[in-house]
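Residue numbers (my numbering), protein chains in the order written: chain A, 1 to 181; chain B, 1 to 307; chain C, 1 to 621; chain D, 1 to 504.
Treat the hints loosely; a few may be bogus.
With a cut-off of at most 20 Å between alpha-carbon atoms, the simulated EDC-like pairs for lysine to aspartate or glutamate come out as follows [unchecked claim]:
no.	chain 1	residue 1	chain 2	residue 2
1	A	K162	A	D99
2	C	K542	A	D161
3	B	K33	B	E196
4	A	K66	C	D543
Calculated from the structure, these hints are not laboratory results. Computed from a predicted model, the values in this text were never measured in an experiment.
Each chain is listed here by its residues.
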Amino acid sequence: MSEWTEIVDYFRGRSMWMLHYCTGCGAIELPPTMTSRWDMERFGITPMATPRQADILLITGYLAIKTLKRVIYTYEQMQPPKWVLGFGSCTINGGIYWDSYNVIERLDKYIPVDIYIAGCMPRPEAILDSFVKLKEMVQNGEAKGYEKYVKNYEWYKANQDKVLKRTKPVLERIEKVTKIG
Amino acid sequence: MVIVEFLIKLSQGFGIGALALATGLLFGGIARKIMARIQRRYGPPFTQNFMDLFKLLSKGSVSHGWAFDLGLVAGFVPMLAALMFLPIGPFTLFPSDSSLIMIVYLMMMAYLGMAMGVLASGNPNSAIGMSRALMLMAGYEVPFAAVIFSIYFFSKTGYLTQIVAMQSGGFMNWNIVKMPLGFLAVEIVLQGMLGEKPFDQAIAPAEIASGPMVELGGKYLGFGMIQHSVALFLETGIIVDLFLGGAPNFWIFIAKQFVLYFVVVLVDAILPRLRVHEATSFFWKLPLFLGILQAVIVIIQGGVLNV
Amino acid sequence: MSSLLALLLVPVTGSIVAAIIQRYRLAERLVSFSTFVVTLLFLIDIRVGDAFTWSLGFLGKNIEMGLQITPLSIFMLYMTIAFGVLLTFFDLTERSKMKSFLLLLTLAASNWIFMATDFLSFFFAWELMGWASILAIFGGRRTAESRHGALYYAMMSIGGSYSMLIGIFLLSNLTGSFSIQQNVSYLVSIMTVHPWWVLGIVSMFFVAFMVKSGIFPFHTWVPYTYGESPDGFVPYLSSVMSKYGIYGFLIFLPLTLSLRNVPGVLGLPWPNYTLVWFGSITAVVGSVLAFMQDDVKKLFAYSSFSNLGFILAAIALFTPIGLTAGLFHAFNHLLFNGAIFITVVAVISKVGITRMSEMGGLWQKMPLTFLTFFVGIASAAGIPPFAGFGSKWMIFQAMISHGLIFATVLLFFASIASFLYLMRAFHAIFLGQLSHKYDNVKEISAIGKITEVFLIGALIFFGIFPGFILDPINSIVGSFGLKPLPTSGYEYINGFFSSVNMVSIFIVVIVAFIFGFLLFAVSAKHKKVPQEDNYTAGQIPKDWNLTPEMYQFSYDFYEPMDKEIAPFLKIKIDGFFKGFGDSVEYLGSSIKEIFTGNVQIYTYLAIGGLVIFVIAGWIVW
Amino acid sequence: MKTYNFAALLVGVPLLMAFSIPLFGFISKQLAKWITVLTLTFEFLFSLYILLWHVYPFNVIMGNWVPPFGENLYIGSLATILIVVISFVGLMISIYNLWSAKYGDVVHFALLFLMFVGGSIGLISTGDIFNVFIFMEITGISSYALAAYGPERRALGGAFKYLVISSIGSTLYLFGVLLIYTQLGTLNIAEIAARISQTTPGLLTFAGILLVAGLAVEAELFPFNGWVPDTYTGAINPVSATLSGIGSVGGVYVLIRIVMTVFGKNGNFVSTYGNLDLMTLIAILGTATVVIGELSALVQTNIKKMLAYSSMAQMGLVAMAFSIGSRLGAYAGIFQLINHSIAKAMLFLILGVIVSFGGERVEDMKGLWYKSPFLAVTFTIGALSLLGLPLFGGFWSKFALVDASFQRGGWYDFIMAIVLFASVVEAFYYLKVVGYIFTSKPAVSEKIKVEISPAIPIAAFAILIIAIGIFPQIVSGISYSAAHELTDKMSGYVLNVIPTIVGH
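Starting from the given sequences, assemble the full structure and let the hints guide the process.
Quick look at the structure:
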């Protein structure tokens, strides 16, 4: 059985599809990564349109609380195996928004991050490096963030709730808006 | 005896299915490589599609209920079934049933199943994608019909095997020489059938979140991939049988298929996407004109069948 | 041959009984159902060649009237009555407003139409069927639209009947007889001498048949009428009553056999050629108009006459394969249209509306209905191995064998277009998001389920074993003096260009499905999620108050196509008929002004009339 | 020549009873009504006896003065069937009147009604061209008064218009008779018919035109039918039923009798003596009437007016059928006349019941099915019969009409096309009403209770319509022999009256 797992993990590592959640500045680093200069497709990594199809959730830049809500929703819509890449300083410690009232500081309090890419901005080389690293981890069976999330769901949930209760509904007077729609 | 025969056919059928799938996936991989090279990239390995498929089948997924499951299974299964009636090189599993229209309609069942699955997911993006795919189909099937009916009339038979047999004996007997306009029309149609640019409105990823596939993940997406690969094999295979005289052996068959597909990939690499109604009306203009012109020529040549 | 009479008298009796007890709806429907069953039982006793004649002292002479069973009529009889049994069985539990006695009267008329050997009783039955169906449609929705729909139908229908009446008398004055056979053979005999006469007379009949079958350009009543008919009556209207026209065409089409040696178009006599084009255009017009429909009954009304176009195009060829294909498609159309309309009726009875864009996701609530509909549209789209494939496939072959490639391409386009609108209906009704309005919707009753299972079974059975239908069709083809297609077994369809073994296709599909499900089972597990859990680009639906209806894309499904098919829609045949009606009404309101209510004017009129007469007399003097 | 003088009672009894009704009226108003019923029952049974025991054809001779010297009544097959119909319709309306004649001068109403029926029967049976005028005046005067009956003011207007136009008609007719009398010196129809060719053609033509114009008033042919819509609408419904069910029968009968028997020239198709073919004239008038009637009815919102125009159009149809001139055409005309008289009388009676519960606009028919299924079904039966749909009587007559006109061929094909078009128009407005009856919800969902007395005639008419529809032999046999009377005037009519005369 373990051989089978190894084979599966090997192919998983060779074929990782990515959903990038770009909140702002980080997005600019991705086009070069995808296109002819650095060409991430050679590692079997392609951008995907929806969380259902994706293996990697790449989160670039800072996460406001309202944004976090969507990230969590998207993450939960992805199916295992799935991995999270935290891109840039903001996902690690809040970066230049470290003292902002509505930006979270550490992403992995809320969802399990498998690999952080430090820097502001990280260069495409760094991104590719993280992809290779992730591939090795997957093939060695080490990248198990999604299992951690299931195991420690109460903890993550508590953390999420703590910040998310500060958000208000998107639409305060929902009926009014939807009536127009 | 019947059982033995059945088992033989069964194993042969599995062989054909596996072969077609492998070829389709390989073509896909090569296409990605070609595309990368055109864009001056290194590109993924040409086995990338195999790895992708394997990963997809082993990955978790969400289902929206039994209609979703049934639809997606029904989305690729009829493709495989249609494959069994296709003359592949010298080999045909059911030579007495290789009727072209039947194959076309079996393929349509796959679209029906696929549509049912993705629409059962209840996502509007998939509905939009499906509506686009269907509109596109209304476009390309018309010239395709004109051409295949010309061939019917020209060859006086509806069996692919016999159409292939009529083209034996050298290049000059191929239908591509006898009906160049029809071939041209079908090559354009193939672009639409395979959903390659400029006819990839249905799965426009950045626009409608990959359209029909929006809710598909894991094995469901894998099924979609199987369907696409087999359809690739099937559609190019039909055109090879219709116009390029079939093939004496399997390798030449695949080579001919690849030539057809290569053109499609090249076009795909350089053209942007059309809007869907532009695409549909395009099919009703140039390819249909070519197909009809071909039909007129065939009728003038062939005269009237005595019934 | 009393059982021939029984085919007329049983429905009439049933109709009287149903009329008497119509207060008690269940009893009424039971009567209706049992009448159909009894009629079917009588039909089993009937063989080809049975005949019954009587004479009617009328018009100062004894008019021979008769009933006779030909292969075609017994085929039609079985189709209509068996379908009626199914329909009335299904209707036992429905809350339809169908009046059983009108349905049974229609049955009597339809039996008579199929058995009549003379034009007098043919016309009698035709008109009887006409007004019974008009009244039945009046009972539809109790709205002004319903009335307009029925009136539209009535006007077209009566206009068509009068046209046929003129034809009948033009003919009977030439031959001195009402017998269909004598008249047709007379037409054959003068065919080469006076082709224009024959054409004129026959077209008078064809107008009536085209109206009844909804053939272009007389198709305009179809959507109005179907859209407004009582739900229970629509399946009968579309599946059975549209076939009367086809039967009528088949009375006169043998005439063209004598034209076979006259040069025509592509080896076809030009009347056939023209009719083929009428059929093809009908098929396309129906399909294209169906694109844009949001009313489910209207959509399938268009679908219905589109299919009639297919049938007409095929039988108009009047070659063995064409005739076989047309009749086969007539049968298949009966089945799949029945399945589709019965499920549609089931859905309408549960959700209470006919606008498709307000439905959606009903597969979760009505799984069996959903499956029946699926099989129905798969058949309608001509997908093997369901019924519907064989006939469409044969129609194409029949057409190509004559080199009618343009018409064939049109038909193929209609077929693809039918796939489009069927998918759209499928999506809008059953797939997509289920609105909370329909949380309490239940699957239909056991009787409905039995009907649906039966229909699924029939669609698959006759798909795999077309021979059971092709055999009787072959004998019909033989009775028209054509050489029937070769038969090689119940599972074979023999076309002109190729033949198909449906069983082997079925087995291949089944094996492939088994493989598919095995693959489904061995690959990674899936998680079942509710319909709310859907890709929303990260937005949480609840935050945006996103209801299922808002997340359902089915209104104006093919909007981008509007521009492409707009030229088609501009052709307003409908507008022509309406404009004609309006101008007649205008004429009426002008003429009415003669009667001003002033007695002096009346006196002037009378004196003026007298003076004109006198002057006229003077001139002649 | 067969005589059966007892049949004088057919004319005598109703007239006698009519004038004795005021006496009964002193006793009780109800009695007056019942006397009407009894008298008409006698009429009906007696005429039925004549029909079924095949007593006809016979003459009624006054004081042994054989025609042409004495006045006679001639009751041939045509007169028999028409008298049966008239007395049946009259009987039914009189039963209906038991319920409907509630207000006003009931006794005199009964008197006038009986007089009208008696006059009509006399009109049909008389063999003297001047007596025709007398009976016309009898029916005319009684019908003016009948039409003026009722509580509404418009009735007076309608009756007055009828009076004016009808007087013009009578005068013209009298002039026509005068001209013939100056030529031939006789008033006996049979003798005139036999000697018609001896007249001066010019005068004959003029006389023919005068006669046709005069009689077209009663036969409701355009342009002499201006009175129709207003009178029918103004009168109370039983009177409208009487006018269309009985009056028009008499009117058309006389017109046809004069034109086809008196003026007729036998051939394959009957034409007339004189320079102008009166049959052609009638064909033109009939067709014009059909078209104008139907088109005018199309746009009516008042259902009674609609029925009035429809009556007019149907009379045009009948005239057109007779004008074909063949036996089949005459047959179709007679059959159509009978069907129309039954169906239209029934429709007016139904309308009477409905009107007593609500208005008489087309919209008021909405939801009749929910108010009273009986009235809805019978109204539908009547409408469908008028449209000539199968299972109802009208089918056979319309069928025969089309057959006859196509057998005639020539320009009758064209006429028939026009008539059939007009029939489509007719179908539209009748089916529109039927649609209102069945599809719409009523504005007030008050049930209409139909009492037994109006229900009997309505049901009887409906049953008769269906009976004729299923067994056309009921009417077709006698109609066909009656048609012979019209198309072969010597053997059909003249020789039965004056066996010794020689045709010229």
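Hint check results:
1. A/K162 to A/D99: With Cα atoms ~17 Å apart, A/K162 and A/D99 stay inside 20 Å; holds.
2. C/K542 to A/D161: holds (17 Å)
3. B/K33 to B/E196: OK: B/K33 and B/E196 at ~15 Å, within 20 Å.
4. A/K66 to C/D543: Satisfied, since the Cα-Cα distance of roughly 11 Å is no more than 20 Å.
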